[in-house]
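> As they're listed, the protein sequences go chains G and D.
Counting from 220, one number per residue, gives the positions in the first sequence under my numbering.
Counting from 220, one number per residue, gives the positions in the second sequence under my numbering.
FYI, nobody ran anything at the bench for these hints, they're computed from the structure.
Check each hint, because a few of them may be wrong.
Identical copies look the same in the list; a pair holds intra-copy or inter-copy alike.
Once the Cα atoms are required to be at most 35 Å apart in a straight line, the calculated DSBU-like pairs of lysine-lysine come out as [claimed, not checked]:
id : residue 1 : residue 2
1  : LYS280    : LYS402
2  : LYS289    : LYS323
3  : LYS386    : LYS289
4  : LYS450    : LYS284
5  : LYS450    : LYS280
6  : LYS410    : LYS325
7  : LYS548    : LYS381
8  : LYS402    : LYS275
There are 2 protein chains.
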Amino acid sequence: MKKFLRNTLFLALSILLLVVVLGGYIPFAKATAQSSDPLPSWNDGPAKQAIVEFVKVTTDKSSPKFVPPKERIATFDQDGTLWVEHPIYTQVTYNIERVPALVKAKPELANVEPFKTVLSGNRQAMAKLSIDDLFKIVVATQSGMTPQAFSAEVNQWLATAKDPRWKRPYTELVYQPMQEVLKYLRANGYKTFIATGGSAGFVRAYSDRVYGIPPEQVAGTAQPYLYGYDKNQQPILTREPKVVLNNMEAGKLENFWLLYGHRPHAAFGNSSSDDQQMLEFTNAGEGARLSVAVLHDDAKREYAYGPAQGLPDTKVGTFSQAMYDMAKKQGWIVISMKNDWKQIFSFER
Amino acid sequence: MKKFLRNTLFLALSILLLVVVLGGYIPFAKATAQSSDPLPSWNDGPAKQAIVEFVKVTTDKSSPKFVPPKERIATFDQDGTLWVEHPIYTQVTYNIERVPALVKAKPELANVEPFKTVLSGNRQAMAKLSIDDLFKIVVATQSGMTPQAFSAEVNQWLATAKDPRWKRPYTELVYQPMQEVLKYLRANGYKTFIATGGSAGFVRAYSDRVYGIPPEQVAGTAQPYLYGYDKNQQPILTREPKVVLNNMEAGKLENFWLLYGHRPHAAFGNSSSDDQQMLEFTNAGEGARLSVAVLHDDAKREYAYGPAQGLPDTKVGTFSQAMYDMAKKQGWIVISMKNDWKQIFSFER
Numbered sequence: 220m221k222k223f224l225r226n227t228l229f230l231a232l233s234i235l236l237l238v239v240v241l242g243g244y245i246p247f248a249k250a251t252a253q254s255s256d257p258l259p260s261w262n263d264g265p266a267k268q269a270i271v272e273f274v275k276v277t278t279d280k281s282s283p284k285f286v287p288p289k290e291r292i293a294t295f296d297q298d299g300t301l302w303v304e305h306p307i308y309t310q311v312t313y314n315i316e317r318v319p320a321l322v323k324a325k326p327e328l329a330n331v332e333p334f335k336t337v338l339s340g341n342r343q344a345m346a347k348l349s350i351d352d353l354f355k356i357v358v359a360t361q362s363g364m365t366p367q368a369f370s371a372e373v374n375q376w377l378a379t380a381k382d383p384r385w386k387r388p389y390t391e392l393v394y395q396p397m398q399e400v401l402k403y404l405r406a407n408g409y410k411t412f413i414a415t416g417g418s419a420g421f422v423r424a425y426s427d428r429v430y431g432i433p434p435e436q437v438a439g440t441a442q443p444y445l446y447g448y449d450k451n452q453q454p455i456l457t458r459e460p461k462v463v464l465n466n467m468e469a470g471k472l473e474n475f476w477l478l479y480g481h482r483p484h485a486a487f488g489n490s491s492s493d494d495q496q497m498l499e500f501t502n503a504g505e506g507a508r509l510s511v512a513v514l515h516d517d518a519k520r521e522y523a524y525g526p527a528q529g530l531p532d533t534k535v536g537t538f539s540q541a542m543y544d545m546a547k548k549q550g551w552i553v554i555s556m557k558n559d560w561k562q563i564f565s566f567e568r
Numbered sequence: 220m221k222k223f224l225r226n227t228l229f230l231a232l233s234i235l236l237l238v239v240v241l242g243g244y245i246p247f248a249k250a251t252a253q254s255s256d257p258l259p260s261w262n263d264g265p266a267k268q269a270i271v272e273f274v275k276v277t278t279d280k281s282s283p284k285f286v287p288p289k290e291r292i293a294t295f296d297q298d299g300t301l302w303v304e305h306p307i308y309t310q311v312t313y314n315i316e317r318v319p320a321l322v323k324a325k326p327e328l329a330n331v332e333p334f335k336t337v338l339s340g341n342r343q344a345m346a347k348l349s350i351d352d353l354f355k356i357v358v359a360t361q362s363g364m365t366p367q368a369f370s371a372e373v374n375q376w377l378a379t380a381k382d383p384r385w386k387r388p389y390t391e392l393v394y395q396p397m398q399e400v401l402k403y404l405r406a407n408g409y410k411t412f413i414a415t416g417g418s419a420g421f422v423r424a425y426s427d428r429v430y431g432i433p434p435e436q437v438a439g440t441a442q443p444y445l446y447g448y449d450k451n452q453q454p455i456l457t458r459e460p461k462v463v464l465n466n467m468e469a470g471k472l473e474n475f476w477l478l479y480g481h482r483p484h485a486a487f488g489n490s491s492s493d494d495q496q497m498l499e500f501t502n503a504g505e506g507a508r509l510s511v512a513v514l515h516d517d518a519k520r521e522y523a524y525g526p527a528q529g530l531p532d533t534k535v536g537t538f539s540q541a542m543y544d545m546a547k548k549q550g551w552i553v554i555s556m557k558n559d560w561k562q563i564f565s566f567e568r
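Chain G on its own, in the form it takes in the complex:
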């Protein structure tokens, strides 16, 4: 009986250890996670398939399209690609709300365009402001402070400001399917970057919290910084009232190389005004490349705009017919929000 007990004990111990060892060597949990759908908010279709296929072939060492981890660079436009940009860019809403205080400090701006239009409160007129006008407002309202103070202001605003349609903070208006793509790429060794036509300093204030992208991986239109000293003789940087890097049109990819020295292997965008060249350049690279353009064709759940669908040409994030033709000719992936996205926002759950 004693021997039987000992045998049983040894057996139990052996089984226990075996389970522990196997548990360590066979990653059950991991295998389960991998076999589950990494993109649950996507409908099955060509867009989802293309993204999954791209990740598979670029991370499989036996694939001729394998991309070494150090070259796994993916870029994402923000407005209209990661979050809602219509009817007006979120950043511009922020800037516009700062104009009254600006004019109070500099009364001479009250009768100068584009500030005059902003002060009029006419939203339709504001929506028609040119990119140059928007840049003037951006630069005027984002200068003269330290980058830390600017970042704090942006976060303070984001904590209370709400989108008029959804009545939710702007940071909740991020596209759930794209959040899944960001995580999926990172889980497969990709370094994810934001390449925005918007202001780098603005997006960096919340990029890590909202997208899991740290400030050093956010490239945008940029105002220069000036080194100096504050009242207490402490060294500080101050945001200067000019633009040193303009990320519109080809500027986005020119500056991406300037900052990081890479051609991305994957690029996501939606607009002719600041994504077309980036998507073209990405697509033209050697080996596996993925250029993806988001088409806003879902008037019910989000918005529908852009000449590529015979819809009105808006000033904001227009997906032009020329870009659509280029996409088809060069074999980019075009995402139909209406058809490809099962769910658009996380709060729809």
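Chain G is already provided as a structure; the job is to place chain D on it using the hints.
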């Protein structure tokens, strides 16, 4: 006997499994590596102690000076900090060797300074060229090609060019003690960056291979890129003949924030011309900060230069008296190459 065998077998199996399990859970190898000296090329002294102490307090969660992994940013100047800069910057040697071909293509430059001085072959006159003159040579010889072609040219040159004193490739003239610091910081969750007054495009050609620092973490003086199409209508970038980001003096830290949105927690430099403000700004940050300046005081094993030691004020990487006074006043760490470095180059072994 059968039972005895079975018992023995169970016992053996249990012990084997126990060893395997413990082998997996107690990282013997890791523990050994951690207890060994991470900076073997350093003599014990205040500089080494300060670096080790900084890493300890910023990575220990119970320390009031703990720095979250996302904020662990360390910057390194290249010339005179990571590799030899005396008597002339390696990059400038590269640029100077390109001048004859440049003048052949553009004969009108033959009688224009600084190209005239370069063509004269007078090394002493060349060593006296101003930073502005050097910039003119850099820009003239690093323009008109794609970044990929430029990178290939640089690597081709580095594969054969040799330093006249050591008769070795320039990439072997990196300081072994600093390589150890780079690895030590990375092993402790720090992201290491190069912040150089030199050309970003030049350093990115070899930064990963030589320092383990990828191109996206190399900030330098930068020429802009222009998007266009080659003969085959393929989209390309071309290096433009001007400077968009000047990384000299305060420019280095202004541009570091522009590119990455961070104040480093640790900065390493050596020169009044492009490190002083970065070291001052780093040191002035909240919490644990480490500003380190390399003093070239080893005429025998490397070079000795700089007014801070009563040595001649050279144009290259001068550690001025003003910077030395600032270092002492603000409590930076000053590395004496002569006293703090047991070994300077890896080939000395």
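> State for each hint whether it applies.
To see whether the hints hold, each was checked on the structure:
Proximity of LYS280 to LYS402 under the C-alpha cut-off of 35 Å is found in both arrangements, the shortest distances being 21 Å within a copy and 27 Å between copies. With identical chains, the CA atoms of LYS289 and LYS323 are never at most 35 Å apart, being 50 Å at best within one copy and 39 Å at best between copies. Taking identical chains as interchangeable, the C-alpha atoms of LYS386 and LYS289 lie at most 35 Å apart only when they sit on different chains, with a minimum of 32 Å there against 41 Å within one chain. For a Cα distance limit of 35 Å, the shortest separation of LYS450 from LYS284 across copies, 26 Å, qualifies, whereas the shortest one inside one copy, 57 Å, does not.
Taking the closest pair of Cα atoms, LYS450 and LYS280 come within 35 Å of each other only across two copies (34 Å); inside a single copy the shortest separation is 57 Å, beyond that limit. Proximity of LYS410 and LYS325 under a CA criterion of 35 Å is satisfied in neither setting, with 43 Å inside one chain copy and 42 Å between copies. In this homomeric assembly, LYS548 and LYS381 never come within 35 Å of each other (Cα to Cα): the closest approach is 40 Å inside a single copy and 49 Å across copies. For the homomeric pair LYS402 and LYS275, the shortest alpha-carbon distances inside one copy (15 Å) and between copies (31 Å) are both at most 35 Å.
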